[in-house]
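Visitor: Model the full structure from these sequences, guided by the hints.
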Amino acid sequence: MRILRRRGWELPERMATPEVFVLGRRTALAGAGSIALAGGAHADAQRNAKYAPGRAITDEKYATTYNNYYEFDEGKDLWRAAQALKQRPWSISLEGMVKQPRTLDIDDLMKQVQLEERVYRHRCVEAWAMTVPWTGFPLSQLLSIAEPLGSAKYVVFETAQDPKMPGLSSPFYPWPYIEGLAIDEAANDLAFISTGMYGKALPPQDGGPIRLTVPWKYGFKSGKASVKISFTDKRPVNFWQALQPSEYGFWANVNPDVAHPRWSQARERLLGSNEMVPTQIYNGYGEFVASLYTDRKSEKLFM
Amino acid sequence: MIVPWRDRRGRLLPLKATVLAMSFIPATVLAYWWAADMLGARAVNEVIHGTGDWTIRYLMISLAIAPTARLLDWPRLLTVRRIVGLTALAYGVAHLSLYVGQQNFHLGFVASEIARRFYLTIGFIALLGLGVLGWTSTDAWMRDLGRRWKLLHRSIYLLAVIALLHYFIQSKSNVSEPVFVSGLYVWLMLWRALPMAWQRSVLVLPPLAVIAALAAAGIEFVWYGLASGINPWRVLAASETLRFGLRPAHYVALVGLAVALLAAARRVGGLSRSRPRMA
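Going line by line, the protein sequences match chains G and V.
Be aware that the first sequence starts at 81, since it is given in the working numbering, and climbs by one per residue.
Be aware that the second sequence starts at 116, since it is given in the working numbering, and climbs by one per residue.
In silico PhoX-like links for lysine-lysine, alpha-carbon gap of 25 Å or less:
| no. | chain 1 | residue 1 | chain 2 | residue 2 |
| --- | --- | --- | --- | --- |
| 1 | V | Lys287 | G | Lys380 |
| 2 | G | Lys156 | G | Lys244 |
| 3 | G | Lys380 | G | Lys314 |
| 4 | G | Lys156 | V | Lys287 |
| 5 | V | Lys287 | G | Lys244 |
By construction, these hints were calculated from the structure, which means they are not laboratory data.
Guide: Next comes the structure, spelled out in C-alpha cells:
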C-alpha cells in the first residue's frame with residue numbers, strides 16, 4: 081500500500097482561507113485609525129505558507145479566553161485578571177553565556193527583526209488543542225541578536241513575576257516559571273517568538289507582550305511573558321518538572337503513543353468544537369524537527 | 116402510583132418533596148450554563164467536572180444525614196437519605212455518560228481507558244458500587260435482604276474513600292478541594308465511631324472539629340509529599356498561619372465548629388420550648 085504523506089504546507093484547497101477574508105481583515109485593521117506601532121506591524125505581517133496547519137483556525141474568542149497561566153489562576157478563566165499586567169514598558173534581559181549580557185527594550189527588539197505570521201497547531205498536555213495565527217519572528221533571529229557563546233547548550237526562558245499576578249503569592253510553586261530548550265532546538269526554524277496573535281498585539285492572557293512558541297512540544301514548554309532569556313551549559317529544571325517530576329520532563333515532545341501517567345495522549349479536543357481528533361507525533365511537525373532527536377533516543381523525549 | 120413525595124395514603128411529604136426538587140438544581144444550573152454558552156471553550160469538560168463535584172457532594176450529604184438527624188434532634192431527616200443517595204448516583208451516572216459522550220461514544224476506547232488509567236478504574240468501581248446500592252435501595256430489597264441490607268449499604272463508607280481517591284488523582288497539582296472534602300469525611304466517620312451515648316453530645320463536637328482539621332492537614336501533607344515535587348513542609352506551615360488565606364484544614368475546622376454551634380443552639384432552643392411542658 082502506498083501511503084500518501086503530505087508535507088506540512090501541502091494543504092488541500094478547501095483548507096485555504098478565501099482571499100477576501102484575509103484581505104478584508106487586513107483592510108479592516110488598517111482602517112482602525114491610529115494603531116500603535118506594534119498593532120500595525122502585526123496586522124501587516126505576512127503569513128508564512130510553509131507551516132500550514134491543515135485544520136481550521138480556532139475562533140479567537142476561545143484562543144483568548146481559555147488557557148493555563150498559573151501566575152494568574154489555577155483555573156482556565158483568567159483572561160480578565162491578566163489584563164492587569166502592563167505590557168509597556170517591557171524589557172528582556174539577555175544573560176549567562178552570551179558575548180555581552182544586556183537588557184533589550186521590546187520595541188527596540190522588534191525593530192531588529194522581521195515579523196511574520198505563522199499558523200501553528202498548539203497541543204496542551206491536558207489533551208486539548210487549538211490552531212492559532214501567531215505573529216512574531218523565528219527564535220533563531222533572537223539567538224543571533226543575543227550572540228550566545230559556543231559553550232552554551234541550553235537557552236532558558238523566565239516569565240515575569242509581577243505584583244499584579246495573584247498566583248505568585250501561593251507558597252507551593254517553584255516561581256519563577258522557567259522553561260528551556262536545547263540550543264539546537266532553539267535554532268530550529270520552527271521555534272518562534274510570538275508578539276502577536278490574530279493580527280493584533282499578543283494579549284496578556286496569552287503570554288503578552290512576548291512569549292516562546294514551540295509547536296512540536298506540549299504547551300507548557302512555551303513560556304509566557306518572557307523577561308529573561310539566559311544561556312547555560314546546564315540543563316534547566318522547568319517549572320512543571322520541578323512540580324511533578326514523575327509526570328513532566330524536559331523534552332515534552334508531543335507523542336500520541338506515550339501516555340501521560342494519568343491519561344491518554346492519543347487524541348485531542350479542538351477548543352470551541354466538539355471534535356476529538358487524533359494527536360500526531362511531534363504535533364505533526366516531525367518533518368521539521370524529528371532529526372533533532374536522532375542522537376537523543378536514550379532520553380525521555382516525550383514526557 | 117407510589118411517588119417519593121407522597122406517603123402511602125397519598126398525603127404530601129413536604130420535606131421529601133423539597134429535597135427531591137433541590138436535587139435537580141445543580142443539574143439545571145449546569146445545563147443552563149452549557150446551553151447559554153457560559154462554560155467557555157471546553158464546555159463538556161466543565162460539565163463533566165461539575166457533575167463529578169456534585170456526585171461527591173451528595174455522597175457527603177448522604178453521610179451527613181445520620182449525624183445531623185441525631186445532633187439536631189430531627190429524626191424525620193432520615194426519611195430523605197434514600198433520595199440523597201440516589202441523587203449522588205444520578206450525578207455519577209451523568210458524570211460517566213458525559214465522559215463517554217466526550218469520547219464521541221467510542222465505547223471500545225472508553226473501556227480501554229477505564230482499564231488502563233488507574234483514576235478511571237477506581238472511579239468506575241466506585242460508580243458500580245453506588246449503582247448496586249441504588250439498585251438495592253427499594254423497600255422490597257430492604258425486606259428481602261433483612262440484616263444483610265445494612266451490611267451491604269455500609270459499603271458506602273469504602274466507596275466514598277475510592278471516590279475521594281479518584282477526586283485526588285484527577286486533580287492537576289492543587290488538591291485543596293479533595294483535601295477539604297476528605298476532612299469532612301474524617302469528621303463524619305469519627306462521629307460514627309463515637310460511643311452511642313456521645314453521638315448526641317455537643318461537648319465532643321469542638322474536639323471533633325479540631326481532630327478532623329488536623330487530619331485534613333495531615334492528608335494534605337502526605338499527598339504533596341508523595342505525589343508532587345512541592346515541599347510538604349511548606350504546605351503544612353501554610354496551615355499554621357492565615358498569611359496564605361484559609362487553607363483546606365481551616366475550612367474543615369470552621370465547618371466542624373459551625374456544626375457544634377448549630378447543635379448547641381438547637382439544644383438551647385429545644386430546652387426553652389420544652390420548658391412550659393415541664394412546668
